[in-house]
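Chemist: Sequence:
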Amino acid sequence: MNAIVISGGPGAGKSTLLNVLKQRGYHCSDEVSRQLIQEQVLLNTENVPWKNLSAFADLVLERMIEEYNKSLHAEGMTFFDRAIPDIVAYLKAGKIEITDQYEQAIVKYPYHQNIFMAPPWETIYVNDSERWQTFAEATALYHMLTETYKSAGYTLIELPFCSAEKRADYVLEKLALNKPWRSPHQNYSDKSKTRRKS
Numbered sequence: 001m002n003a004i005v006i007s008g009g010p011g012a013g014k015s016t017l018l019n020v021l022k023q024r025g026y027h028c029s030d031e032v033s034r035q036l037i038q039e040q041v042l043l044n045t046e047n048v049p050w051k052n053l054s055a056f057a058d059l060v061l062e063r064m065i066e067e068y069n070k071s072l073h074a075e076g077m078t079f080f081d082r083a084i085p086d087i088v089a090y091l092k093a094g095k096i097e098i099t100d101q102y103e104q105a106i107v108k109y110p111y112h113q114n115i116f117m118a119p120p121w122e123t124i125y126v127n128d129s130e131r132w133q134t135f136a137e138a139t140a141l142y143h144m145l146t147e148t149y150k151s152a153g154y155t156l157i158e159l160p161f162c163s164a165e166k167r168a169d170y171v172l173e174k175l176a177l178n179k180p181w182r183s184p185h186q187n188y189s190d191k192s193k194t195r196r197k198s
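Going by my numbering, 18 is the number at position 18 of the sequence shown; the sequence numbering is gapless.
What you were told as hints is all true, and nothing was included just to trick you.
Derived lysine to aspartate or glutamate pairs resembling EDC-like cross-links, with alpha carbons at most 16 Å apart:
1) Lys150 to Glu103
2) Lys92 to Glu103
3) Lys95 to Glu137
4) Lys95 to Glu147
5) Lys22 to Glu75
6) Lys92 to Glu137
7) Lys51 to Glu39
8) Lys92 to Glu147
Label-pair ranges, simulated between beta-carbon atoms:
9) Thr134 to Glu158: 19 to 25 Å
10) Ala74 to Glu137: 32 to 38 Å
11) Gln113 to Ala74: 15 to 21 Å
12) Ala140 to Thr99: 21 to 27 Å
13) Thr134 to Thr99: 26 to 32 Å
14) Glu62 to Asp169: 30 to 36 Å
15) Gln104 to Thr155: 17 to 23 Å
Since the hints were made in silico from the structure, they are not lab data. Note that beta-carbon positions come from the ideal geometry of N, C-alpha and C, so glycine has one too.
All chains should be built: construct the whole structure from the sequences, respecting the hints.
Modeler: Take a look at the structure:
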């Protein structure tokens, strides 16, 4: 199984890239957080990131695990728009304590060793109903994401500033050169307890 993650700060072109990969016939898992924000807004609950980030993160983790398990039955590669370490990065940015369930989930649900990161790209950045952050906040989140993925033992590959089609070519070329899939360093759970901050 190949679970390929495309991450990065908000508004950096991840979803557009995933759409291109879908058009090329690859199995893709859309961004869970955007789906949940839409659902929670319709339900008129407090479980949205700008009101209760901790409760929202719990919902995201549950949905991401569901999507991960679905991918186990898919043939070939599955591309994920964000993954479990993203939740940890967002909680850290919100200065919320990282509980054991997140640390354990990072170890239990490993993705492909190489993580594709979409860097901040101000030219294409726009706000919408699910993206409330300023560009400066999006940039800060990007740095927190890179730190979190590196701490979890992953290798980061930064996506170039180019069209979504060329980005898709870049991702597929990099994957063709990769060694067979392996999980990241499993000593993450041991180190995490000394690293956890509120």
